[in-house]
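Enquirer: Sequence:
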Amino acid sequence: MDAPIDDDTKRTVQKIPLLATRAGPRDGADWTARLKEEYLALIQARDRQTDREASYVKMNKEADNDWFTIESNKTGTRWTGKCWSFYNGLRYEFDLEFEIPATYPVSNPELCIPELEGKTSKMY
Numbered sequence: 020m021d022a023p024i025d026d027d028t029k030r031t032v033q034k035i036p037l038l039a040t041r042a043g044p045r046d047g048a049d050w051t052a053r054l055k056e057e058y059l060a061l062i063q064a065r066d067r068q069t070d071r072e073a074s075y076v077k078m079n080k081e082a083d084n085d086w087f088t089i090e091s092n093k094t095g096t097r098w099t100g101k102c103w104s105f106y107n108g109l110r111y112e113f114d115l116e117f118e119i120p121a122t123y124p125v126s127n128p129e130l131c132i133p134e135l136e137g138k139t140s141k142m143y
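Counting with this note's numbering, you get residues 20 to 143 for the letters of the sequence shown.
Hints are all accurate, no fakes.
30 Å max Cα-Cα, derived DSS-like pairs, lysine-lysine:
hint: 1; residue 1: 138; residue 2: 101
hint: 2; residue 1: 34; residue 2: 101
hint: 3; residue 1: 93; residue 2: 80
Everything labelled a hint here was simulated from the structure, so no lab data went into it.
Produce the entire structure from the sequences given, and follow the hints as far as they go.
Expert: So, in structure tokens, the structure goes:
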């Protein structure tokens, strides 16, 4: 059974705009529109209580939840970046990468953290 989602996470997710264009990398101009929506969802968020737009990245930094950077190739099919976490006063930073499958949004992308590939939780 999945763990319940905490209230802070619920509030943050509610601020992320829903995407309207249903398209994948094989859909040409529709994919370009979808990619634009994806970027705007990362960059912009609307606080429904104050009805004020804010940068999702800025919200994370202000809330001390800044935990990733990400960018895509020109076509938006390959994404790379870094993610990090703090544990016992140490910062653990990892490379992050994923490719958007041709059947997206029906199929989800699989995130890959190469440094952890093949390791169990006891090994890291």
